[in-house]
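Trainee: Protein chains in written order, with our numbering: chain A, 1 to 646; chain B, 1 to 646.
Heads up, some of the hints might be wrong.
Which copy is meant is left open, so a pair is good if it fits within one copy or across any two.
Claimed, not checked - List of simulated lysine to any residue pairs, SDA-like, C-alpha gap at most 25 Å: (1) Lys116 with His508; (2) Lys71 with Tyr262; (3) Lys588 with Ala550; (4) Lys116 with Glu473; (5) Lys309 with Asp198; (6) Lys188 with Tyr27; (7) Lys309 with Gly551; (8) Lys623 with Asp209; (9) Lys116 with Glu627; (10) Lys588 with Arg554; (11) Lys267 with Asn21; (12) Lys116 with Pro514; (13) Lys364 with Leu399; (14) Lys588 with Gly551; (15) Lys6 with Asn296; (16) Lys309 with Arg406; (17) Lys298 with Arg321; (18) Lys116 with Ala506; (19) Lys404 with Pro58; (20) Lys116 with Gln490; (21) Lys188 with Asn21; (22) Lys188 with Pro606.
By construction, these hints were calculated from the structure, which means they are not laboratory data.
These are the residues of each chain, in order.
Protein chains: 2
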Amino acid sequence: MPMPQKTVWGQGRLLIGADFNFRVEGYTDARLRAAVGRLRGRIALQTGLPLLADATGPLQLVVSCRGAGPKNPTLGEDESYALDVSTSGARLSAPTVTGALRGMATFAQLVSADGKSYSAPAVHIEDRPRFPWRGLMLDCGRHWMPVDVVERNLEAMAAVKLNVFHWHLTEDQGFRVESKRFPRLQEKGSDGQYYTQDDIRRVVAFARDRGIRVVPEFDMPGHATSWFAGYPELASAPGPYGVERSFGIFPPAMDPSSERVYSFLDKFFGEMAGLFPDRYVHIGGDEVLETQWKANPKIQAFSAAHGIKDSRGLQAYFNKRVQELLARRGKKVMGWAEIQDPGLPRDTVLQSWRGQDSLADSVKKGFLGVLSFDYYLNYGKPASFHYRNDPLSGAAAELDAGEKARVIGGEACMWTEFVSAQTVDSRIWPRAAAIAERLWSPAGVTDEDSMYARLDAVSRGLDWTGVRHRSYERPALDRLARAPAREALQVLADALEVDRIDLLRAQHFTTRSPRNRLLDAIPPESPALRRLEASVRALSSARPSPEDAAGVRRTLVAWRDNDARLAPALRDNFLLAEDAPLSANLSKAGALGLEALDFIEEGQAPPAGWRDRSGAELAELDKPYAEMTLGAARVARLLVERAARP
Amino acid sequence: MPMPQKTVWGQGRLLIGADFNFRVEGYTDARLRAAVGRLRGRIALQTGLPLLADATGPLQLVVSCRGAGPKNPTLGEDESYALDVSTSGARLSAPTVTGALRGMATFAQLVSADGKSYSAPAVHIEDRPRFPWRGLMLDCGRHWMPVDVVERNLEAMAAVKLNVFHWHLTEDQGFRVESKRFPRLQEKGSDGQYYTQDDIRRVVAFARDRGIRVVPEFDMPGHATSWFAGYPELASAPGPYGVERSFGIFPPAMDPSSERVYSFLDKFFGEMAGLFPDRYVHIGGDEVLETQWKANPKIQAFSAAHGIKDSRGLQAYFNKRVQELLARRGKKVMGWAEIQDPGLPRDTVLQSWRGQDSLADSVKKGFLGVLSFDYYLNYGKPASFHYRNDPLSGAAAELDAGEKARVIGGEACMWTEFVSAQTVDSRIWPRAAAIAERLWSPAGVTDEDSMYARLDAVSRGLDWTGVRHRSYERPALDRLARAPAREALQVLADALEVDRIDLLRAQHFTTRSPRNRLLDAIPPESPALRRLEASVRALSSARPSPEDAAGVRRTLVAWRDNDARLAPALRDNFLLAEDAPLSANLSKAGALGLEALDFIEEGQAPPAGWRDRSGAELAELDKPYAEMTLGAARVARLLVERAARP
């Protein structure tokens, strides 16, 4: 995962034993050698085999590159590779080091235990990405993400061939980059939580090693309160300003009529251009309120003098000025779709968060488009939801070939209002891997069962990259309950799913709210529930297996009996008290599911009205509490439907 | 844990909320400030509270030191502290920074959820260690342990107040330190796996920050094959030599008759003295074979010329020479008990791995003694076994006060024949915490139930220090089986215990053997079994709880039914096939346990002969397979005994 463009399975398997080794042939450089070393380490972790650097067994993977490719990862660079695995060895060929990196990620996924040993299946793969821009946006403004968190997520990105790290570095809630030129930016704007310039260089090098571009975002003219904490003169209304602690859309905005602002930004971008080698700089541009602009007579006079009709025009003027500053530094502009304006050059990348309509509109106007609509990981949607969302669907499906070519990809977005450095991995992974497949693999790869089966494997594999999306659950649940309630809490946790946290309903949360609720411990989507659902569906198949029925019954009994074990522990626990209705509802769902299973197994038709009554009751149980929903109710409903079927 | 010397509980609790803060009063330095920052971070992780550095709430912990104490952690330095917690705040007072570090470790453990909020109980604690030498020896020679593994274990050591990191750096299987003077040591002796001098400095500084001494061990004259790979002239027989891959005791030994050896060691120690600030250097001295010495006429002639009677005398001569070299560098000697000899100075520390007899003998002769006998973590013994082992028990209990004072502590030993960097955390923790308590707390603290209850909490808490003793289990089991067998594998894993891997029976293992068996995934001691045992014992209490009985039945049923689910997956899996007998036996133990539980619950006496028959069968089920034993059989036996009781 992502599924390659072309896969031809061969006969037999290549043994991966303790003396399997890795060899570079032809072009080589430090980046390639380091990558081969990481591949060796990664497979050693996956398998438990030692795989020492000096192994000399007859079986090996030969990595053969034609050249380095661009010095830094670059939009549109050649990422193709070919991989041949046979029983006598494996060979990876790529025109560039980046292509070799992609092929190595594929090879790591091919290695598995085949019953007798570790091995990789014989196969011929030819592969290249469908879209050249496959990103992950991480909001480090609202919640601080230390360098090690960033790095382990870059490692995981590389494992699924994502190639753009969109680093959201400034927000109302925090300014996260050290500026030596304007030190009050981080001094007053970050609560001490910012990346030093050494950190930035380290992250950029780390990403480069993995074939990942780093596109920094400096959000302006709105979402910029943290800039004003140290430099209130940049704002459109007098200060003082302080870092924002709550969430939402706030009035402070840069003053588009002030030459001091442009002079400041010019120097600032000069400094940043030296840190970020990528050609693109993201200037944000989203959700600008006109409050300050309307209230400022100087800005209104400026508009009148320049024939600017409205705030939209003011922002267009601002964007154009900023774009010109960046162009002088050799940089192109990316921004949220709102910045679209005829005045901007056509190589501007517009990031659509409002849907394929706005994406289609952008590329029709000649801009480059990247889709983020419905790739928001913070909405708690299942992987299948994101997977179904093709950049070239909807209005974009109607584009002509030239326009479609300007849809250059997509970006998963991780906004962090309700996510801390501790919980962020589990919000990103494994779902971002499904988006990675959507953006890399052919459009026709859409089988969701296959996707989920492979996603499970990828999710386990990502454990070895260092992301804690799975390992965090255990200590986070341990924090909430001790044995014996801990076991019952696990049963409940496995039956829950994260509901979208609505910004409006969640106004009581701030940047300083603890992220230690049950909600924060569970994965957005429960793998246990998904497996159960598959077993329930299998009951309806031509030959239902007794093992499926037994497994389903075991789970339903556990649900039914769980509240009796868990409820007392919930009552005495300030962190879990809010979850009591979910626990009670789980037991009800278990009881209803058991009724249904009895009817199914006895081949008996339920009495009249039973189906509607049970269905209604289960719909009621599905109501969200504490920002979670009871996925178990959905599965019980499946059983009720199955029992009621004639 | 470790239990303080004096604890007086007060009334009420100190609230720990998001605005709780930490303040240093009086003496301060970088080490103390860093430690306070780590404490804040640690409690933030434990609780999920943000606990920002600039919090200004009214409730705080004030840390008050009288002075820095010695520049580097030093044997016998003052580690005492006093900690007062009341509803209005907490105050930690210590004469030294090291004392403050110990007190902060205590404070972190006091914080827990009390039903309404996070808080710490009101308490007055006065504390100091019983023994000044509380160590962990880590063998980085047989298996390489990267710097991050070492560092996270140092972090965990600090959490339980261990204060000596005994770094076993050289072995037949690897020479792990960079020498700039003699670079062939690491070039030929390490397979590229060694600590650079920068690494060493970093680890030493990391340890110092946590109040931990670093005592390096350079094992000689035996266990030194890896030295000879690059410098065969140091050996007592001509080479060539290569790094050893298998395990055992090997003939190569340094030539005690060669002045070149002493001149080499003199320069080598000169270099090492600059890296390791501690006053003590460990020179090993264990398990020296006389094979090479006997076969070398030059060495025999040397012995005759110097009136040396035997190989023991030769080693004494060697040790004395080495000790003199070290003394010139300002270093004192530590060694395994074999090096004991009247020629050595009385501040030599002898590490007893053969029992309290040899420990008593060493201190009677005037040396300093450290106990490691029965603190070998690689033996797979339960925490209670180590906990019962007091340095001043057995022969050492008979010592007079002056002799007892020369028993300065103990060291947990982690030998790594069968342990890799991936699995080592789970072999060390949490059991080393029980040893830490034995060495810190008053001798009278011996309640094992209390120890285990606290050990469970400490084990969970150690998750937040970064050691992976618990988080490793999940990916390691994932590697072995997929759903649905994965669930059944967990049931089996929870019912198993690690048997001691006997070096003689395990001659087929080498440094390159994969550590990816079920054995490597499970903890040495199963917390699930321990909880079950407690429930079984509760059945015999005056008022057995229905919840205990229900929990026991649930587990026994799961055992009984488990093999049917698991056996097919074991057959098709080269990594698990060896575990098939254990799985079959678990189901038998479950069935026998259920029989017993039925008798107990029905208040019915079992038929004649049942008890003996069942007991014999369970004893048979307890046999080790694949280096594991079925702890479940022990618990089932408890039930049989209970059922048979009139």
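Trainee: If you test the structure against every hint from before, which numbers come out violated?
Mentor: 2, 5, 6, 7, 8, 11, 15, 16, 19 and 22
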